Amino acid sequence: MDEALLPVLGNLAWAPHAAIERVEILDRFNGVPTLGVLKSPDANHLFWRALGYVPERFSIWIYAPIDEHEADHLDDCDPSDLLRGPLFEARRERYITVGVAENNRLFFEREWSLPAGCDQRTLRKELLRFLLEAFVMALEQDLPPGRREVVDRASRVVRELTMSGCGS
Amino acid sequence: MGGGRKPPYEIPNESTLTQYGERPPGGEGFRSALRPETGETEMSLIIGEVSAEQASLLVTKMVQPFADRRLTTAGRLRECDFRVVHSPTRGNPLHVSVFPPEIAPDEPAEWDRAMAELFDQCFTDEDKAGGDSDG
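Chain order of the listed sequences is H and V. For the first sequence, the numbering used here assigns the number 1 to the initial residue and increments by one for each residue that follows. For the second sequence, the numbering used here assigns the number 1 to the initial residue and increments by one for each residue that follows.
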C-alpha cells in the first residue's frame with residue numbers, strides 16, 4: 001500500500017504503468033488530466049502535475065501512494081484541500097515518485113522521500129532542489145545521446161526556475 | 001460524494017472568464033492554441049474574474065510564483081463561434097471548456113494559427129473583461 005510507483009518511461013504521465021486498472025480524474029487543464037487517482041489491485045496512487053502547466057513543454061509530476069483514509073479524504077474534502085494530507089502538511093515522511101515529462105510523456109523518474117509537514121512553498125523548493133541534484137547525477141552517467149540531450153534541457157529549465165524565484 | 005459539487009450550468013454571455021497563464025523567464029504567458037499531439041482537447045478557463053493567485057490555486061493547486069491571468073467574456077468567445085461550456089471538475093468547480101467552432105456536426109475546426117489569433121483577440125489588454133464577475 002505504501003510503495004512508490006515505478007512509472008514506465010515513454011508513457012503518458014497520467015497512464016504511467018500498465019498495471020493500472022482505472023484512472024479517476026479529479027482535474028484537468030486543456031483536456032489533459034492533471035490530478036487524479038491511479039487505481040490498481042495492490043495500491044492506489046495520487047498523481048499530480050506539480051509544475052509546468054503553460055510554458056515550455058516540460059512538466060513535473062508527482063505520484064504518491066495513498067491509503068483508504070486518504071482516498072476518502074479525496075472524495076469528501078473541499079476542492080481546495082485535495083492535496084492537504086497526501087502531499088501538503090503530510091503527517092509522516094513518505095516515499096513518492098517524481099516524474100519529468102516532455103509533451104506529457106515521461107522521460108525521467110526518481111523516488112523521493114517527501115518530508116513530513118511540507119507546505120506548498122517548501123514542497124516546491126525541495127522538489128526543485130531534489131530534481132536538480134537528480135539531473136546532475138544522471139548527467140554524470142553514461143547516457144545515450146538522445147536521453148542526455150533531453151535531460152540536459154530539462155535540467156536547464158529547472159535550474160532557471162530555481163534561480164528566478166520558483167525555488168525559494 | 002462531497003466537497004460541495006454542483007452540476008454544470010449554462011454560462012451567460014455576459015459572464016467574465018479568466019484564463020490562467022505562467023510567465024517564467026522566456027515563458028509563453030498564455031496558451032492561445034491547443035497542442036493535440038500532447039493530448040490537449042479543449043482550452044481551460046475559469047468562471048468569473050479571479051486573481052492570478054486564485055487562478056493558480058484553482059488550476060495547479062499551488063500558488064505559482066509566475067502566475068498570470070487574462071480576461072474575456074463568454075459572449076466574446078461565442079461571437080467568434082467558440083463553444084463555451086461549464087465543465088466542473090472535482091478539483092475546480094469553476095472549470096470552463098472552450099472548444100473550437102464546428103465545421104460540420106461533431107467535426108471541430110482545426111485550432112490553427114488563425115484560430116489562435118482569433119482566440120487571443122477575445123481577451124482584453126485591460127485588466128477588466130467588461131462582463132459580470134460571477135465566479
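It should be emphasised that the hints constitute simulated quantities derived from the structure, not laboratory data. There's no promise every hint is true.
[What the hints assert, rightly or not] To give an idea of the chain H side of the interface with chain V (calculated C-beta under 7 angstroms), a few residues:
no., residue
1, Leu26
2, Cys118
3, Thr122
4, Glu160
[To be verified] Here are a few chain V residues that sit away from chain H, every Cβ distance over 10 angstroms (derived from the structure):
no., residue
5, Tyr20
6, Glu42
7, Pro93
8, Asp112
9, Ala114
Since the structure is predicted, the reported quantities are computational estimates derived from the model, not experimental observations. Where a beta carbon is used, it is the ideal one built from N, C-alpha and C, also for glycine.
Status of each hint after checking the structure:
1. Leu26: 4 angstroms, holds
2. Cys118: Cys118 of chain H check fails; min Cβ-Cβ to chain V is 11 angstroms, beyond 7 angstroms.
3. Thr122: 11 angstroms, violated
4. Glu160: 6 angstroms, holds
5. Tyr20: At roughly 7 angstroms from the nearest Cβ of chain H, Tyr20 of chain V sits no farther out than 10 angstroms, so the non-interface label is violated.
6. Glu42: At about 4 angstroms from chain H, Glu42 of chain V fails to clear the 10 angstroms cut-off, so the statement is violated.
7. Pro93: Violated: least Cβ distance 6 angstroms, not greater than 10 angstroms.
8. Asp112: 16 angstroms, holds
9. Ala114: 19 angstroms, holds
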